[in-house]
Amino acid sequence: MYVAVMDNIFLLVLVTLLSVVQNVFFALKVEKECTGQHSKNHSAAFERLSCANRNCMDTYPTFLAVLWCAGICLSQAPAAFAGIIYLVVRQKYFVGYLGQTCQSTPGFLFGKRILFFLSLMCVVGIINHLMLTYGGSDYKEYIQTITKVVSTLLLLP
Amino acid sequence: MYVAVMDNIFLLVLVTLLSVVQNVFFALKVEKECTGQHSKNHSAAFERLSCANRNCMDTYPTFLAVLWCAGICLSQAPAAFAGIIYLVVRQKYFVGYLGQTCQSTPGFLFGKRILFFLSLMCVVGIINHLMLTYGGSDYKEYIQTITKVVSTLLLLP
Amino acid sequence: MYVAVMDNIFLLVLVTLLSVVQNVFFALKVEKECTGQHSKNHSAAFERLSCANRNCMDTYPTFLAVLWCAGICLSQAPAAFAGIIYLVVRQKYFVGYLGQTCQSTPGFLFGKRILFFLSLMCVVGIINHLMLTYGGSDYKEYIQTITKVVSTLLLLP
Chain X
55 MYVAVMDNIF LLVLVTLLSV VQNVFFALKV EKECTGQHSK NHSAAFERLS CANRNCMDTY
115 PTFLAVLWCA GICLSQAPAA FAGIIYLVVR QKYFVGYLGQ TCQSTPGFLF GKRILFFLSL
175 MCVVGIINHL MLTYGGSDYK EYIQTITKVV STLLLLP
Chain V
55 MYVAVMDNIF LLVLVTLLSV VQNVFFALKV EKECTGQHSK NHSAAFERLS CANRNCMDTY
115 PTFLAVLWCA GICLSQAPAA FAGIIYLVVR QKYFVGYLGQ TCQSTPGFLF GKRILFFLSL
175 MCVVGIINHL MLTYGGSDYK EYIQTITKVV STLLLLP
Chain Z
55 MYVAVMDNIF LLVLVTLLSV VQNVFFALKV EKECTGQHSK NHSAAFERLS CANRNCMDTY
115 PTFLAVLWCA GICLSQAPAA FAGIIYLVVR QKYFVGYLGQ TCQSTPGFLF GKRILFFLSL
175 MCVVGIINHL MLTYGGSDYK EYIQTITKVV STLLLLP
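Note that the protein sequences, when read in sequence, are chains X, V and Z. According to the working numbering, the stretch in the first sequence is residues 55 to 211, in order. According to the working numbering, the stretch in the second sequence is residues 55 to 211, in order. According to the working numbering, the stretch in the third sequence is residues 55 to 211, in order.
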């Protein structure tokens, strides 16, 4: 049983680990700035860094929940792929937030498209499960193929 | 094996999805206020909205952890039911926070009763598991029936 | 199947429950201070309490994710042990934060060593799984023994 479980989640664990590494990177950035030299525009930079970190942390549990639900309900490969794209978007958001306020102006919420895609995967997975239980028809393989194709669309800017 | 797993968690996934939708709703509210028109009492309203959102987000991981533990350890239907009530309470809390400070005065922590109920479900589930392993007696079905009855008590105001 | 699952996670559930109790304890502290008497150094104390609570909450999802991944990928006993040490470190951090700023000076990020240990457990677990799938060799029992020994090193100050 153990091997079967691990087969279905090890990509999700990898993405989770990557996100944890990114979290620690963000936290270390904030800590370094916090204890850094107190120059003139120190407090403004720290404020911005701290705000970027907070916005990232606020959506982190939401992201994790949707990632794991989508991976378990439907299939892990597209979910992990979407997760990695989300991490790239988050990195861009964090770096962009530190630039000039006028040029970056990132929103409060980022990666909406990816969160929407993962939520959709959950819904489709649950509907498929209910159809399998009450109707007896299983479209899981078709859906997994479609999901893999659709997940590449996330690469579009 | 896959169908057995899904049977035991699909209600939890549904509640998680609902909570994610609510989170996104809160975040969009904050974002809209953040980029909205700068009227006189703008900053006070934004401050209050941002504070309500932060309090909700602070307890979100705690809620998710307790919800899933209770659902896996004991049974998913009462856990999902308590989860939905928690979401309703959170919605009320968020809306109430935006009203006048004098009339609402919501606490820092909300839904204590529901979190307590879910924690109790975890504890009972673990005790039952230990009794099953070391004592050989299984009261799971009685406990599940009792839990379902008790969970309706959460509806009391 | 159910008993096998519970056997592998019940220690993790226990640690999660303990962390939830600690979260609620932190939140109640903040709430009590927030509605407390308005003395002279009230706002400074509240600021510090709120900041300590926020730092703890910011790393909480990261901690939970790494704890559960490590527990599921490798073995639950060392993961739960590291989790309990993390909770002790967090308690010390929270209490230390409330003291004088000069004597405590706690960092922004705490428990780095424990998070690193748990991440390492995940990586080792995934590598072992891949070797089992593609190479056919299973070192799981050796690794689990080594992990248990190494986890006691976390007790060193």
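Simulated from the structure, these hints should not be mistaken for laboratory data. One or more of the hints may lead you astray.
Identical chains blur together in the list; that is why a pair holds if it fits in one copy or across any two.
[As the list claims (entries may be wrong)] Here are the simulated EDC-like pairs of lysine to aspartate or glutamate, each with C-alpha atoms no more than 20 Å apart in a straight line: (1) K83 / E195; (2) K146 / E101; (3) K166 / E85; (4) K166 / E87; (5) K83 / E101; (6) K202 / E101; (7) K146 / E87; (8) K86 / D61; (9) K194 / D61; (10) K146 / E195; (11) K202 / D61; (12) K202 / E85; (13) K86 / D192; (14) K194 / E101; (15) K202 / D192.
Predicted model only: the values in this text are computed from it and were never measured.
Structure-based check of each hint:
1. K83 / E195: Neither way: K83 and E195 sit 44 Å apart in one copy and 38 Å across, limit 20 Å.
2. K146 / E101: For K146 and E101, only the intra-copy Cα distance (18 Å) is at most 20 Å; the inter-copy one is 27 Å.
3. K166 / E85: Between. Shortest inter-copy distance 13 Å satisfies the 20 Å Cα cut-off; intra-copy 28 Å does not.
4. K166 / E87: For K166 and E87, only the inter-copy Cα distance (18 Å) is at most 20 Å; the intra-copy one is 29 Å.
5. K83 / E101: The answer is within: 12 Å in one copy meets 20 Å, while 22 Å across copies does not.
6. K202 / E101: neither (40 Å within a copy, 42 Å between copies)
7. K146 / E87: Classified as within; 19 Å inside a copy, 24 Å across copies.
8. K86 / D61: Intra 39 Å, inter 42 Å, cutoff 20 Å: neither.
9. K194 / D61: So K194 and D61 pass the 20 Å test inside a copy (17 Å) and across (15 Å) alike.
10. K146 / E195: Answer is neither: 34 Å inside a copy and 41 Å across each miss the 20 Å cutoff.
11. K202 / D61: within (18 Å within a copy, 24 Å between copies)
12. K202 / E85: Cα proximity of K202 and E85: none, with 39 Å in one copy and 32 Å across.
13. K86 / D192: neither (53 Å within a copy, 42 Å between copies)
14. K194 / E101: Neither way: K194 and E101 sit 48 Å apart in one copy and 46 Å across, limit 20 Å.
15. K202 / D192: Within one copy only: 18 Å inside a chain, 31 Å across chains, cut-off 20 Å.
Violated hints, listed in ascending order, are 1, 6, 8, 10, 12, 13 and 14; each of the other numbered hints is respected by the structure.
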